[in-house]
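Chains as they are written, first to last, in my numbering: chain A, 147 to 325; chain B, 5 to 91; chain C, 1464 to 1820.
Simulated from the structure, these hints should not be mistaken for laboratory data. This structure is a prediction, so every number in the text was calculated from the model and none was measured. C-beta: ideal position from N, C-alpha, C; glycine also. Check each hint, because a few of them may be wrong.
Chain C side only, calculated, beta carbon under 10 Å to chain A, not exhaustive [unchecked claim]:
no.	residue
1	Ala1478
2	Glu1480
3	Leu1505
4	His1629
5	Met1691
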Amino acid sequence: MGVTVYAPDGEVGPEPATLAAGPNVLTGLRIGVLDNGKPNAGLLLKRVGEQLAARTGASLVLVTEKGPGANAATPCTQDVFEHLRTECDVVLTGSADCGSCTSWSVHDAIQLERSGTPTVVATTTRFVELARRVAAGFGVPEARVVVFPHPLGGTDDDTIIAWADGAVDEVVALLSRPA
Amino acid sequence: MSNAMDEQAVVSAVDETAELLRGDGADLVLVRADADLGCIELRLDLTDVECLDCVVPPDLLEQMVMAELQRKVSGAFELVLDDPRRV
Amino acid sequence: MSTPELQIAEGRAGAPEVFEIADASPEALVEAYASRGWGDGLPLVAPTPERVEAMLAHTDGDPDEILGVLPPRFGKATRRLVAVNAVLAGCAPDVMPVLVSAVRGLARPELNLRGVNATTHPVAPLLVVHGAIAEECGFNGGIGAFGPGNRANATVGRAVRLILLHIAGARPGDGDASQDGQPSKYSYCVAENLAASPWEAYPRARGLDAPSAITLHCGENPHNVHDMESSQPGPILDKVATAMASFGQNNAPIAQGEYFVLLGPEHAATIAAAGWARRDVSLYLYERARFPAGEFRAAFKSRAWMPWMEGVADDRLLPMTGHPDNIRVMVVGGAGKHSMIVPSWGMTTSVTLAVEP
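Just chain A, with the same shape it has in the complex:
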């Protein structure tokens, strides 16, 4: 008479990701912008980057798009990723204002976090839930997300700039969060 027993080890999962350690202060650090090319994303992120630098004594050192062949609906290229990883201490990316660009912006952000670079994703009210869900799916529900009104595309420049200026405090707080 035999016995039926369970195995004790179970399935293997993907490696859990955690946020990179946020810097204590931003002074002297290098800010990068990863612009996915969505309407007004560049204007918004550059303004946030400039204001962040002015406020904290950091510098905006790199503004890049996703790379040749890449766009909002794909991850950034390996080259662009390496540039950001090596030349920047913190990154701002976006805009996450549709389903696929949200998915890939969050993906890029988490890859950067895994490489030790705190990254903030700029999303909108209509897509913040999706952004958080995708981040949670990567095992990082607490990913750094800053939320703007929807839509960004089609909004006039002055309003975009005002929204950017209003978000700087939040971005400082998100980047300074400990791991």
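Model the placement of chains B and C on the given structure of chain A, informed by the hints.
Only chains B and C this time, still in chain A's reference frame:
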């Protein structure tokens, strides 16, 4: 131990995931939840979508739907997701 | 990052594998398991579906929900797998909420389970059980707390180790690089002796208000400190400080390293009778457990110090840990004039969380 699939749980899981797609004008339709066969069939509705490239990519969508169903629906099931973007 | 991977890590795992052993004897079970690289060297209880169901009856929620992913193997820990390992260890079913909560604690990033499992240092997670569930399940925080003899302590501590061996894949030589191992890697579990404590429950001191809680602290075997004579706090704690002040400990060059100071009830009573709070104990030990900074520098080329410590001159005294809050005080044990310290491994932070099924 009951094998009945909780229809309410399926509807709730589908609706919550669909909510994340509605921002782009897409929707998820529950075609059937068959407790006997252990099968849940969904269809991605892109009728009102202006920008096809904007919708959450097919692989990620399927994983998100699966994760939400697994969270809410007990018992084993097979998921069939009809995504028009997949030829 | 060659192919982008969008992979969902949450959700639910498949039910674990089930297999037949032709011979139902305990010996055959141990051999069948050992041939697959499982087990801790001691006899096992067969994890049959019936026994596993009996364990799961003391939990809430989806048995296959992923509670955490445990390195270095990145095994997906579920209530069902916790139940399997609890059966193997010989646990009674009522302890399941403690084990489920322990897995959540092990998965906390600040505990650094990957480091804990992979290091050459001897380190094991000490599981302390607090509050109502400690009473209800009969955990021992009094005489003989560290063993042997109490079923809940022994089996729950063992189940934690089996979870680390099986789900986390921390096997000696393959996943667990601990050079010598240590006895507490068989089982390391006690209850807080709140009845004999002059202070509030330890979880309360950490800001957690829950009827039942657990603490996980990854550290060495307990070090004994005895003082048979003193009627004042100072001399007792001076001796504790000498046990803390050692360059041989894992956490000596690591400023974030914690010390769990498990005062025996009689030492605690003496200290409290002089009007000392728990925090006074921490502050006093922070002051007393010190070496000249120059001796630290000579002993350790590689140090994980806080920036301010680098500014301390060679001839000034430097504390063994970077902050008094790293010295964590609670009462464990029975009648006698001893206390225990448990130095941490170093690159780990203890966690305290509510028990939830």
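Taking the hints in turn, this is what the structure says about them:
1. Ala1478: holds, 9 Å
2. Glu1480: holds, 4 Å
3. Leu1505: Since the shortest Cβ distance to chain A is 14 Å, the answer is violated.
4. His1629: Holds, about 4 Å.
5. Met1691: Violated, about 44 Å.
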